[in-house]
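Given next are the chains, with one letter for each unit.
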Amino acid sequence: MNTMADRVSGLFFMALGLAMYFWINPNYIETVDGGNISPATLPNIISIILAIAGAFIAIKPTDHQLRNPVLMAKTGLYVTLLTAGIWAMSWFGFEYVAPVLALALMWLIGERRPLWLSLGVVAMPAIIWFLVTQLLGRALP
Amino acid sequence: MVEFSTILAGFGDAFSLYNLAFVLFGVVLGQFVGAVPGIGPIMAMAIAIPFTFGLDPLPAIAFLVGVNKGGLVGGAVPAVLMNTPGTPDAAATALDGYPLAKQGKPLKATKMALFSSITGDTFSDIVLITVSAPLAVLALKMGPIEVVALMIFAFSILAGLIGNSLTKGIIAAAFGLLAASVGQDPENFTPRLIFGYWDLFDGLALPSVAIGMLAISEILHRLSEAHGNMRPAIIAKDTGNPDDRRVTWAEYWSCRFTMLRGATIGTILGALPGIGSTAAAFMSYAMTKAGSKDPGSFGKGNIQGIAASESANSAVVGANLIPLLTLGIPGSVGAALIISAFMIHGMQPGPLLFENQGRLVYGLFGAMIMANFVNLWVGQLGLRLWVKVVSAPESIIFSSALLLCFVGVSMATSGLFGVAIMLIFAVIGYLMASFGYSLVIFIIAFFLGPRFEKSIAQSLALTDGDLTQVLKSPVALALLILSVVSVVWFLRKNVHGEDE
Numbered sequence: 001m002n003t004m005a006d007r008v009s010g011l012f013f014m015a016l017g018l019a020m021y022f023w024i025n026p027n028y029i030e031t032v033d034g035g036n037i038s039p040a041t042l043p044n045i046i047s048i049i050l051a052i053a054g055a056f057i058a059i060k061p062t063d064h065q066l067r068n069p070v071l072m073a074k075t076g077l078y079v080t081l082l083t084a085g086i087w088a089m090s091w092f093g094f095e096y097v098a099p100v101l102a103l104a105l106m107w108l109i110g111e112r113r114p115l116w117l118s119l120g121v122v123a124m125p126a127i128i129w130f131l132v133t134q135l136l137g138r139a140l141p
Numbered sequence: 142m143v144e145f146s147t148i149l150a151g152f153g154d155a156f157s158l159y160n161l162a163f164v165l166f167g168v169v170l171g172q173f174v175g176a177v178p179g180i181g182p183i184m185a186m187a188i189a190i191p192f193t194f195g196l197d198p199l200p201a202i203a204f205l206v207g208v209n210k211g212g213l214v215g216g217a218v219p220a221v222l223m224n225t226p227g228t229p230d231a232a233a234t235a236l237d238g239y240p241l242a243k244q245g246k247p248l249k250a251t252k253m254a255l256f257s258s259i260t261g262d263t264f265s266d267i268v269l270i271t272v273s274a275p276l277a278v279l280a281l282k283m284g285p286i287e288v289v290a291l292m293i294f295a296f297s298i299l300a301g302l303i304g305n306s307l308t309k310g311i312i313a314a315a316f317g318l319l320a321a322s323v324g325q326d327p328e329n330f331t332p333r334l335i336f337g338y339w340d341l342f343d344g345l346a347l348p349s350v351a352i353g354m355l356a357i358s359e360i361l362h363r364l365s366e367a368h369g370n371m372r373p374a375i376i377a378k379d380t381g382n383p384d385d386r387r388v389t390w391a392e393y394w395s396c397r398f399t400m401l402r403g404a405t406i407g408t409i410l411g412a413l414p415g416i417g418s419t420a421a422a423f424m425s426y427a428m429t430k431a432g433s434k435d436p437g438s439f440g441k442g443n444i445q446g447i448a449a450s451e452s453a454n455s456a457v458v459g460a461n462l463i464p465l466l467t468l469g470i471p472g473s474v475g476a477a478l479i480i481s482a483f484m485i486h487g488m489q490p491g492p493l494l495f496e497n498q499g500r501l502v503y504g505l506f507g508a509m510i511m512a513n514f515v516n517l518w519v520g521q522l523g524l525r526l527w528v529k530v531v532s533a534p535e536s537i538i539f540s541s542a543l544l545l546c547f548v549g550v551s552m553a554t555s556g557l558f559g560v561a562i563m564l565i566f567a568v569i570g571y572l573m574a575s576f577g578y579s580l581v582i583f584i585i586a587f588f589l590g591p592r593f594e595k596s597i598a599q600s601l602a603l604t605d606g607d608l609t610q611v612l613k614s615p616v617a618l619a620l621l622i623l624s625v626v627s628v629v630w631f632l633r634k635n636v637h638g639e640d641e
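Just so you know, the sequences run in chain order A and B. With this note's numbering, letter number 102 in the first sequence gets 102, and the count goes up by one each step, no holes. Add 141 to the 1-based position in the second sequence for this note's numbering, that's all there is to it.
What the hints contain is simulated information worked out from the structure, not anything from laboratory work. Do not take every clue at face value.
Claimed, not checked - Computed Cβ-Cβ distance ranges for the label pairs, DEER-style:
| # | chain 1 | residue 1 | chain 2 | residue 2 | range |
| --- | --- | --- | --- | --- | --- |
| 1 | A | N68 | B | N224 | 37 to 47 Å |
| 2 | B | K634 | A | V70 | 28 to 38 Å |
| 3 | B | L632 | A | T3 | 12 to 22 Å |
| 4 | A | F22 | B | L493 | 33 to 43 Å |
Being a predicted model, the structure only gives us computed values, none of them experimental. Beta carbons: idealized from backbone N, C-alpha and C, even for Gly.
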């Protein structure tokens with residue numbers, strides 16, 4: 001029985017709970033005098049629950065199987081691309097970045113057919129532009 | 142109690158051409174995306190919500206109801222034609238739908254799925270309309286102490302029922318509540334866990350979190366498995382017999398008890414938070430097979446199997462709204478998304494909704510009934526078209542869906558900050574799903590978090606911080622005891638499951 005995945009996630013949540021309780025909550029939640037419930041009460045209770053439940057999962061894991069690591073690495077590549085896309089949009093705007101982002105995504109997926117590529121790179125961003133700016137009267141990012 | 146004139150006015154609002162247009166659009170979109178394996182109605186609803194901002198509440202909600210209902214019908218198409226359910230709910234449909242399609246009767250299989258889906262859906266809608274108002278009256282008698290106890294009970298049930306580990310369910314719920322505590326605290330209005338980002342002062346935006354976790358994380362998962370190929374739908378040879386392309390009245394009527402049983406199972410399970418339509422479909426299928434005189438024919442193209450599955454999974458949709466409209470607790474992610482549309486339009490879910498927005502609630506009921514008829518009509522016309530949709534390339538579907546998510550969240554949160562939050566929660570959602578933590582519990586806990594904390598504060602104010610006052614409320618006490626019992630029961634079940 002492979003229990004590694006649950007041990008890792010359990011330890012992560014235990015560490016998160018402890019970090020929240022001992023460091024993040026005291027430093028990033030203001031203390032207030034008065035009121036029925038302090039701003040830190042619920043986050044503190046939740047942090048304790050997270051730490052205890054995380055420890056429980058680490059000690060008594062299930063045999064949950066992690067997704068294929070190769071596929072997870074591939075997902076990391078897509079996340080990097082999307083992050084770059086958001087960053088580029090903040091500088092150049094949706095109109096210029098969307099076709100490039102769509103092309104990169106479709107190319108990474110493995111699409112090579114010109115018709116589908118042109119539909120995804122030209123037609124779809126154009127349809128979204130028309131829908132948002134012309135029909136809904138809203139601004140694109 | 143809601144006045145009769147309000148009920149009539151609500152239904153009158155719903156049955157207008159303007160709303161019909163939005164229901165129609167929603168159903169067409171829902172059937173379309175339901176037919177695409179990997180997208181599904183939940184993802185479509187998540188993406189569509191920001192685009193409904195500019196609309197009045199009723200057409201916006203009618204549109205989302207159409208997407209949800211249409212998606213369930215559309216989900217049966219790839220299940221029948223490719224043995225690849227478009228939605229998890231349709232997995233049981235594939236058991237008999239696919240063999241029937243391979244016998245040269247794909248249209249009979251998809252039409253049976255359509256008719257039984259509409260039948261189950263209409264049944265649960267009638268139950269919803271009948272029971273929700275009286276239940277809401279009862280729910281109004283609950284004070285903050287009872288609401289806190291009810292939410293604790295809901296969390297314990299959700300954590301136990303969804304997924305295979307109670308502890309993981311508790312972690313998902315706690316993590317959702319933690320995410321909900323970001324932003325100003327509801328009691329003192331001081332900033333909390335915002336790390337200097339004042340964009341977070343109003344909390345993490347629901348569209349960013351919901352779309353990131355439900356839509357983008359799933360798209361990321363699908364992207365990693367995509368190869369850019371066209372997915373082949375089965376090319377079934379037509380038998381040449383017109384009866385193999387339609388469902389006769391005799392065939393439909395022969396399934397009446399199966400559909401009634403499926404609809405009843407779906408309605409009961411749908412009314413309980415956390416039990417999804419997939420469980421209802423498989424339970425209905427198993428009971429129909431067990432009660433059949435010819436159980437050997439199941440799995441080989443028996444239309445009773447399709448009727449059992451589809452009537453049950455569609456009946457869950459209406460029933461899911463019962464806990465939502467009466468108690469303010471969403472029973473599923475679909476219900477949470479519908480209620481988030483309510484909140485975007487300034488309405489607070491819960492029993493007061495009937496009192497404050499009765500006309501709108503009955504407008505929603507009217508839209509649901511209308512959506513069933515539209516679903517039937519669009520399904521009859523569109524089934525042949527959706528057959529083409531199932532083989533559309535993933536590359537264009539996923540890249541377009543991602544761009545729509547970017548634009549939708551940007552519109553909903555007024556900028557790219559919300560889009561960045563969306564991507565962060567997409568990664569969190571992807572990792573949580575990879576490690577076996579329920580996203581459904583996370584989202585529901587995130588959604589309920591602010592109300593949970595507010596109810597705790599109100600309870601403390603009412604009791605002067607004396608927790609023994611809980612003992613004076615029999616309802617709260619019963620709910621807390623039930624929570625403990627359910628946690629112990631689920632823990633024992635988990636231990637027995639591991640032993641076996």
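Each hint, compared with the structure:
Separation of A:N68 from B:N224 is about 22 Å and departs from the stated range, judged on CB atoms against 37 to 47 Å. Distance hint for B:K634 and A:V70: a CB-CB separation of about 35 Å, consistent with the stated range 28 to 38 Å. One distance hint, 12 to 22 Å for the beta-carbon pair B:L632 and A:T3, holds here, with the actual separation near 18 Å. Between A:F22 and B:L493 the C-beta distance comes to about 40 Å, which sits within the given range of 33 to 43 Å.
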